[in-house]
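Asker: Residue numbers (numbering that gives the first Met the number 0), protein chains in the order written: chain Y, 0 to 303; chain C, 0 to 303.
The set of hints was computed from the structure by calculation and includes no laboratory data. In this text, all values refer to a predicted model and were calculated from it rather than measured experimentally. Careful, some of the hints might be misleading.
You can't tell identical chains apart in this list, so a pair holds if it fits in one copy or across any two.
Pairs of lysine-lysine, DSSO-like flavour, derived with a Cα cap of 30 Å [to be verified]: (1) LYS19 / LYS187; (2) LYS75 / LYS19; (3) LYS188 / LYS19; (4) LYS298 / LYS187.
Residue-level listing of the chains:
2 protein chains.
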Amino acid sequence: MSLLVVGSVAYDGVETPHGKVERMLGGAGTYIALAASHFSQVRLVGVVGDDFEPEDEQLLAAHGVDLEGLEKRPGKTFFWSGVYSADMNERETLTTQLNVFADFDPQLPPSYRDSPYAVIGNIHPKLQKQVRDQMKSPLFVGGDTMNFWIEGTPLELAAAIRQWDFILINDGEARELTGEHNLRNAAKKILEMGPHTVVIKRGEYGAILFRPEGHFIAPGFLLETVFDPTGAGDSFAGGFMGYLAEQEIESLDSATHEHLRKAMIYGSVMGSFCCEEFGVGRLRTLTRDDIEARYREFKAFTEF
Amino acid sequence: MSLLVVGSVAYDGVETPHGKVERMLGGAGTYIALAASHFSQVRLVGVVGDDFEPEDEQLLAAHGVDLEGLEKRPGKTFFWSGVYSADMNERETLTTQLNVFADFDPQLPPSYRDSPYAVIGNIHPKLQKQVRDQMKSPLFVGGDTMNFWIEGTPLELAAAIRQWDFILINDGEARELTGEHNLRNAAKKILEMGPHTVVIKRGEYGAILFRPEGHFIAPGFLLETVFDPTGAGDSFAGGFMGYLAEQEIESLDSATHEHLRKAMIYGSVMGSFCCEEFGVGRLRTLTRDDIEARYREFKAFTEF
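Whenever a hint applies, use it, and build me the whole structure from the sequences.
Answerer: Dropping the structure here:
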């Protein structure tokens, strides 16, 4: 069934110890959509400028991504650039040019409003709420956020989160959102804010799924070379929700634990592939066989 | 079968955000021995001063630890004290009084020399080699080390490691020992230094077992409260080797993958229990039922 993805579609400039790319397709919406497209039909809502390359539009379309919701406006596409530290655990932002993204006002085309599933990328929580409000009785909706909104717009963020079934958040943000250093306690508090499913991302260490009845730990994949970690968290989100949408889960209560756990692993698989090349390079060449082979690797190095 | 444990037996003063203890039983040898004693018979080699409390000796004896190799010398027992940061990820050493430990010269009683298994705690690599040289055709021997020896006595350390079947090392130390940031590459290099089994400990994130044919990732247990992380790595070592000794593995080649993976989980179980109380508090009250229950928890939150 269809998965609605809302988020930035951008150009990125990235420098890592493995090289430098001046300008390439990026943005949370792009990573989520491309990763999810390997599992289910995706409907994308975003905004780009008139500099958006036809080949990038074609790339998305070739992955079956519905682009009716990708608005094209006069002006330039959101541009971000950054440089990673030698161990790639830190990155410094060099440029943030919001351009047409500054006035992003996500409007769901009528054909998108019955989407049963949605991942709402990291945008202003007021807009995140606006997206959710436009959806007709969805089955499973959630999103991502970041420190900037936790600190700057806590009330709007609380209002957005309250409507979500799941939240994807990294460990530092979970601690900041709740004031709890311990992840188990932080997750417990977030479960009281609305979502019945909390996914805490831990970068190279993997991710944890928290539900009222218990948790599941997915380790990070040990890559021999991390080329570019940009978009790994968003690719995780795409794999996670893409897989759940593919299973056509009716609601989270009816989704078996098995589905959720598998979704965590498919998310981890997509996040790991994302790091293997610059930008969306690996997400565009990937086949379902590659994905299933890595899924089996996860099984092999975790089973006891 | 019997497991030989060599390492410090000490008194520790510890301050964490949960409280402060001025003086309590500690030391790597103590933690390894007590953790392993829940699985197999342990023979301890260490040195204490004449201030060593009879009740501490009784505690070890009550856990079936053979103390023939625990030398008592005139003078004071090794004393260490430290304070943990608020998030407990860092600790500052306040006092290190080596006392009788300064002249530790590990001699295996004749009855210990046929021990088939050994964990050699973090002592001078010259002494680690001396211990190994006193053993008669052991089946599975290894140990721990630290930055101090990696930096200060690299040649002696290489000579000690060359004789080992396994090494336990934390991620930072593995990087320092090999000059490789990537853990997969670091482990590959360590596997060329002698050991056929490398366990890289990652603190709260768990541990990874590397073998020439592949790896296994054990996640860290999510404790709701970490009271005192002192000794967690040594308790891991005790659980890991205690379990392998209990299985009476003949050599690592004949030990199934299943045994090694289970040993990683039992190590993780013992490390997690260790953090639940100050010092060895939890290791002394623990039952095999508690251990098996937590082992099942590990299975429950990792299976997919």
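Asker: Provide an ascending list of the numbers of those earlier hints which the structure does not satisfy.
Answerer: Violated: none.
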